[in-house]
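Protein chains: 2
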Amino acid sequence: MEHGFFTIISRSEFEALLRGFAPLSPETVDLAKAAGRVLAEGLVAPHDWPLLDRSCMDGFAVSARDVFGSGESNPGYLECVAALPIDKLPDTVLSPGECARIATGGVLPEGADAVVMVEHTQAMQDETVGGTIEIRKSVAPGENVMQRGEDARKDAEALPPGTVLRPQEIGLAAALGFEKLSLRKRPRVGILSTGDELIEVGQTPKPGQVRDVNTHTVAALVEQAGGAPVPYGIVKDDLDSLSRALERAIAENDAVLLSGGSSIGVRDLTVQAIEAMDEAEILAHGVAISPGKPTILGRVGHKPVIGLPGQVTSALVVMHVLILPLIRHLMGDGNAFSPARRCLRKAELARNVASKPGREDYVRIRLEERDGQPPLAHPVLGKSGLLRTIVQAHGLAVIPADSEGLYASELIDIWIV
Amino acid sequence: MEHGFFTIISRSEFEALLRGFAPLSPETVDLAKAAGRVLAEGLVAPHDWPLLDRSCMDGFAVSARDVFGSGESNPGYLECVAALPIDKLPDTVLSPGECARIATGGVLPEGADAVVMVEHTQAMQDETVGGTIEIRKSVAPGENVMQRGEDARKDAEALPPGTVLRPQEIGLAAALGFEKLSLRKRPRVGILSTGDELIEVGQTPKPGQVRDVNTHTVAALVEQAGGAPVPYGIVKDDLDSLSRALERAIAENDAVLLSGGSSIGVRDLTVQAIEAMDEAEILAHGVAISPGKPTILGRVGHKPVIGLPGQVTSALVVMHVLILPLIRHLMGDGNAFSPARRCLRKAELARNVASKPGREDYVRIRLEERDGQPPLAHPVLGKSGLLRTIVQAHGLAVIPADSEGLYASELIDIWIV
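So the protein lines, in turn, are chains F and D. Residues in the first sequence are numbered from 1 upward in steps of one, following the UniProt record's numbering. Residues in the second sequence are numbered from 1 upward in steps of one, following the UniProt record's numbering.
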């Protein structure tokens with residue numbers, strides 16, 4: 001019984017292995033279901049957008065030349081010849097000295113190249129159309145005008161492949177008329193829980209039994225990353241049961257997570273079950289992060305199979321650090337592993353935290369909000385099998401592998417999880 | 001035509017009005033669908049959790065008294081009397097000088113109060129059970145043991161009402177046996193787009209026409225906040241059509257968003273349509289943020305009705321600043337309006353940004369990543385009717401109402417949106 005049951009690799013080596021799995025194939029998805037997903041193909045504009053020069057303001061369409069030098073103390077005067085329709089190409093043509101009432105979004109008439117905001121004008125008569133408008137501000141050509149093709153040019157790529165579709169990209173796709181989009185598939189992720197001590201959530205535990213916490217926690221995390229969790233429930237701790245369940249889960253999903261066994265025997269069983277599959281290979285047998293060291297990475301065909309640590313706290317950290325990025329990578333996000341994807345808050349560390357060099361430490365942190373100062377970050381210590389520590393925590397502090405720890409009153413990044 | 005078509009209130013006054021709407025009523029939801037939702041009632045533990053003292057490690061269950069003073073240079077020796085089962089209450093009782101093999105998660109036997117990790121032991125014979133174990137490290141009572149009730153105490157509130165259920169809270173609910181939870185309803189949010197110039201995404205625009213961008217953008221934002229968007233499509237710009245559509249949307253939803261009309265006429269129509277409803281009241285007619293000033297807040301019965309600015313950029317800012325928090329507030333999140341809910345990144349401002357005091361400015365920011373330094377924050381300027389500026393931006397910089405702007409090279413918070 002020696003220390004070091006397996007050789008471990010660094011977090012970045014583990015990430016490099018995960019990046020080796022190819023993103024999923026494309027599928028066609030309705031625009032209304034596309035938010036958060038990733039473009040498999042670039043979006044090529046079928047026409048210029050805007051189609052024509054349009055006003056960004058309520059005001060008067062003018063020729064900039066006609067209002068040159070106008071100001072509060074030196075207003076210009078133009079004759080208003082029309083109130084332009086919002087939904088049609090205007091048939092008005094402005095001659096020098098003329099302007100036309102225009103609403104936000106309205107198409108500029110021929111002869112106009114700018115818009116004066118209504119706030120900078122004054123109608124001299126009761127009726128606007130047919131009357132004289134006082135112009136109190138000069139405008140440059142193009143001012144207050146959205147120009148044809150400013151959002152997208154016909155036949156040019158408006159959004160490149162690999163774009164993660166936020167609400168604003170959904171808006172651009174709508175503007176360009178895409179009712180359907182070619183997106184990378186959403187990963188289906190099979191979840192197996194192993195452990196003879198496990199029972200379903202609906203059952204009452206006898207002494208020694210525990211409910212299957214990990215399936216539910218891991219499924220919620222898979223969903224958070226944009227994947228579709230497919231829980232297979234509890235599998236008995238024997239090679240035959242585990243191999244059969246694993247084979248089915250691999251066939252039916254794009255990736256498989258095995259969870260529940262933290263003891264050495266269960267870890268060995270997980271490795272054996274993966275190795276028993278066709279075209280299987282164990283790629284990593286431990287990763288230098290804490291908690292989370294006993295994580296197994298296998299490949300069956302072209303699909304990743306991960307043995308998560310059995311302790312729920314460790315599994316949560318491994319999910320956030322490695323598996324949520326893997327899921328986003330499979331769904332096509334080219335920056336899936338970038339730390340820029342993490343949601344951070346600055347906080348002041350409440351006390352020293354020691355760390356063992358050679359591994360990355362993820363310390364659970366509870367934030368205490370303070371008025372006018374960054375929140376105070378309290379490390380939440382406690383055994384990794386307990387849920388209390390992760391329920392009390394607001395996020396994680398990351399201590400790099402080359403550091404011996406962090407000092408009280410340091411301003412650090414807290415990764416909100 | 002004077003400046004100031006309506007009286008405007010501050011962002012915090014607008015927020016206070018939004019907080020006045022009551023969170024939605026509870027409903028019963030399956031645990032598998034509960035992530036991201038909010039507890040309507042506290043979760044009271046039906047029993048202690050853990051049920052009994054359990055090991056957090058693979059190793060040997062001992063009485064701490066028996067290994068007091070043990071160390072590398074001065075090991076202790078105990079007789080191993082059993083290998084404990086993982087899934088049952090052990091019938092082993094340890095006498096002084098005895099230990100028992102225990103796996104992670106195993107229940108401690110009578111006579112044991114701590115666990116020595118297997119890494120700190122050495123079996124002196126081939127067979128562990130029946131042999132002598134060398135103990136190379138002392139342990140304190142309770143060490144490496146999850147204690148009965150450490151996660152939750154019988155009949156105590158394990159999670160208070162108002163808790164937002166992250167994956168870890170889902171795990172705790174699973175551990176305590178909750179297959180169903182009492183959660184606040186997910187807000188159904190009706191979305192109406194007004195504008196005679198609007199056409200459906202699937203249609204080809206004639207000059208002057210634009211596709212209905214806002215419905216799709218706003219729906220994606222509602223979903224992002226956890227609400228259920230219910231789009232009603234395009235409504236004609238007349239009081240009768242708008243009133244009928246609004247009446248139906250209010251009846252069928254928990255909140256209604258009207259979008260599309262940025263021109264003064266459409267804003268007036270929105271106000272008239274809201275006022276035409278039974279038990280209706282206009283609560284705010286403008287908010288001191290930029291972009292986003294022409295936002296209308298109404299109340300019909302106990303339901304909020306919001307007139308969004310028609311420009312998509314302005315609508316996006318108003319959604320993030322005010323309406324996503326409103327949706328989270330309606331679904332029970334007591335901290336919905338806290339800036340702590342925002343996902344921030346520190347960045348260095350690339351150039352000066354001026355701001356008009358008296359209103360909060362939300363400046364669109366594109367981040368340029370740099371090695372070993374915070375990213376550089378470039379303001380993305382451009383007309384608020386364009387999608388390009390929000391597609392190019394990674395987030396928003398907030399300039400407070402009492403500030404005249406931000407200076408180049410300042411380290412500022414970028415709100416990722």
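Just so you know, these hints were derived from the structure itself, not from any lab. One or more hints might be untrue.
Copies of the same chain are indistinguishable here, so a pair counts whether it falls within one copy or spans any two.
Claimed, not checked - The list that follows gives simulated cross-link-like pairs (lysine to any residue, SDA-like), each with its CA atoms no further than 20 Å apart: (1) 33 to 200; (2) 137 to 411; (3) 33 to 228; (4) 356 to 277; (5) 33 to 282.
Status of the hints after comparison with the structure:
{"no.": "1", "hint": "33 to 200", "verdict": "between (32 Å within a copy, 17 Å between copies)"}
{"no.": "2", "hint": "137 to 411", "verdict": "neither (49 Å within a copy, 36 Å between copies)"}
{"no.": "3", "hint": "33 to 228", "verdict": "both (14 Å within a copy, 12 Å between copies)"}
{"no.": "4", "hint": "356 to 277", "verdict": "neither (37 Å within a copy, 66 Å between copies)"}
{"no.": "5", "hint": "33 to 282", "verdict": "neither (36 Å within a copy, 34 Å between copies)"}
This entry does not satisfy hints 2, 4, 5, going by the numbered hints stated previously.
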